[in-house]
Amino acid sequence: MADSTDPFVLALNTLTSPALAEIVGLSLGVSLTAVAVAVVVGFPLGGALALYRFPGRGALTVVVNALMGLPPVVVGLLVYLMLSRSGPLGVFGLLFTPTAMIIAQVVLVLPITAALSRQVVEDLWREYEEQLRSLGCGTFDSLLLCLWDGRHALVTAALAGFGRASAEVGAVMIVGGNIDHVTRTMTTAIALETSKGDLALALALGAVLMTVSLSVNIAAALVRRDIRHREEATR
Amino acid sequence: MSPMPPILPLRVDGLCYAVHGKPLLSDISFAIGDGGCTVILGPNGAGKSLLLRLCHGLLRPSAGQVAWEGPGGHDAAMRQAMVFQHPIMLRRSVAANVDIALKVRGLAARLRSIIVAEALDRGGLTALARQPARLLSGGEQQRLAIVRALALAPQILFLDEPTANLDPGSVRQIEELVVKAQSKGTRIVMSTHDMAQARRLADEVMFLNRGRLIEYGPAEEFFNAPRSAEAQAFLRGDLHW
Chain A
72 MADSTDPFVL
82 ALNTLTSPAL
92 AEIVGLSLGV
102 SLTAVAVAVV
112 VGFPLGGALA
122 LYRFPGRGAL
132 TVVVNALMGL
142 PPVVVGLLVY
152 LMLSRSGPLG
162 VFGLLFTPTA
172 MIIAQVVLVL
182 PITAALSRQV
192 VEDLWREYEE
202 QLRSLGCGTF
212 DSLLLCLWDG
222 RHALVTAALA
232 GFGRASAEVG
242 AVMIVGGNID
252 HVTRTMTTAI
262 ALETSKGDLA
272 LALALGAVLM
282 TVSLSVNIAA
292 ALVRRDIRHR
302 EEATR
Chain B
2 MSPMPPILPL
12 RVDGLCYAVH
22 GKPLLSDISF
32 AIGDGGCTVI
42 LGPNGAGKSL
52 LLRLCHGLLR
62 PSAGQVAWEG
72 PGGHDAAMRQ
82 AMVFQHPIML
92 RRSVAANVDI
102 ALKVRGLAAR
112 LRSIIVAEAL
122 DRGGLTALAR
132 QPARLLSGGE
142 QQRLAIVRAL
152 ALAPQILFLD
162 EPTANLDPGS
172 VRQIEELVVK
182 AQSKGTRIVM
192 STHDMAQARR
202 LADEVMFLNR
212 GRLIEYGPAE
222 EFFNAPRSAE
232 AQAFLRGDLH
242 W
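Line order of the protein sequences matches chains A and B. Note that the working numbering has the first sequence beginning at 72, numbered continuously upward. Note that the working numbering has the second sequence beginning at 2, numbered continuously upward.
A portion of the hints provided could be inaccurate.
To be verified - Below, computed lysine to any residue pairings styled on SDA-like, alpha-carbon distance capped at 20 Å:
no., chain 1, residue 1, chain 2, residue 2
1, B, Lys-181, B, Gln-198
2, B, Lys-104, A, Lys-267
3, B, Lys-104, A, Asp-77
4, A, Lys-267, A, Tyr-123
5, B, Lys-104, A, Glu-200
It is worth saying that the hints were derived from the structure and are not from the lab.
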């Protein structure tokens, strides 16, 4: 089997290599961190956009929704310009580091968490408004309450964000530079190995990427089911 | 809880409410004093729900005013509560639905847990305390909505058709809660389409038609000898529009 040239067989052999583990680890670290930041910032931001009334709110909502479709390469380019030596944030020397990749992915995921949480909170508010105002609940308290009551839908929003972060290649390629052992992720490695003709490694990485994505979604589904079971077990 | 200065009487003066220039309530004036139960009657579209919401402060009048003239009137919003026709249940447990109402008003956790237990006991909901509120039956949900409102120890409770679409057993349980609250000093103002219920509960009747206050007086007088032709037609079931 070792001397096989079938890319599928080679892919199986590659799955156990330490190089692969390193790449998978970096990919997960970057994407999960970016999603965590985008959740912590984006959920309250989206909720605020739903509940606070201010001039330009409608326009801002449209912009945030539109930003969900930002092309990753454009984000990569903009973050590159910001972080490059001559850019406004050049002094921090972040370009071609995992931090730069996290920044770029936060920019990609933040519109998703913000736009989806805005929708979730707005729908809940439509239902709750009279009751909460009757109770004397202020806007900030209402925001926290709606985020909590929308928790199931918000898990889905976070998953959508993770899907975007873990699958994109354009932004991390540009700001990370796809440097071996430093900024090489699953997606950039797949792009590189495919162009080099090393289909075995590319396929193995593709399989791992899809397995990771599936596992994260299964885990989230189990968590949600567990919550629901606990809620219903008390009936 | 320490006794609060009363917010009543409630004085409504020249109250108008219009949407896109279309008047829905016109020139309504009355005063509601301490104690008793006022039932708001009138055909669909008369403006009963609007009037309750305007009194409760959920809507701003287009003209006229709603004034709480008691010594505690400046703090009126915190001393009143409302129950809606369709109970609004938060996506939490039964107990948490009551708890959050108290938390919003800044009560300490230890005090809250005592009040929550009392409230659930009052509504016969203790066994359901940890269930998600949205899985309760319609009658249970409305009972929860009422004990949640009463947990705030309101001086006045507004109820907007609280027993519409409920079975007779649930209606009776909810009326018992309302009567008990009233006997403990909570002023009741409710709208209903259930004439038998109005006769059971009302001390006073407020009769609205087409956005105008037609009659306001003792219930007995209204049911036995309505003054206006509209009220007479309404009681006969002949009032259409």
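Between Lys-104/B and Glu-200/A, does the CA-CA distance stay at or below 20 Å? holds, 17 Å
Lys-104/B and Lys-267/A were given as a pair; does the straight-line alpha-carbon distance stay at or below 20 Å? Outside the cut-off at roughly 62 Å; violated.
Does Lys-181/B pair with Gln-198/B here, judged by a C-alpha cut-off of 20 Å? Distance ~15 Å between Lys-181/B and Gln-198/B Cα, so the pair holds.
Run the distance test for Lys-104/B versus Asp-77/A: straight-line Cα separation, threshold 20 Å. violated, 65 Å
Taken at face value, is the distance from the CA of Tyr-123/A to the CA of Lys-267/A at most 20 Å? The given pair, whose Cα atoms are some 52 Å apart, is violated under the 20 Å limit.
Going through the hint list in order, the structure does not satisfy hints 2, 3, 4.
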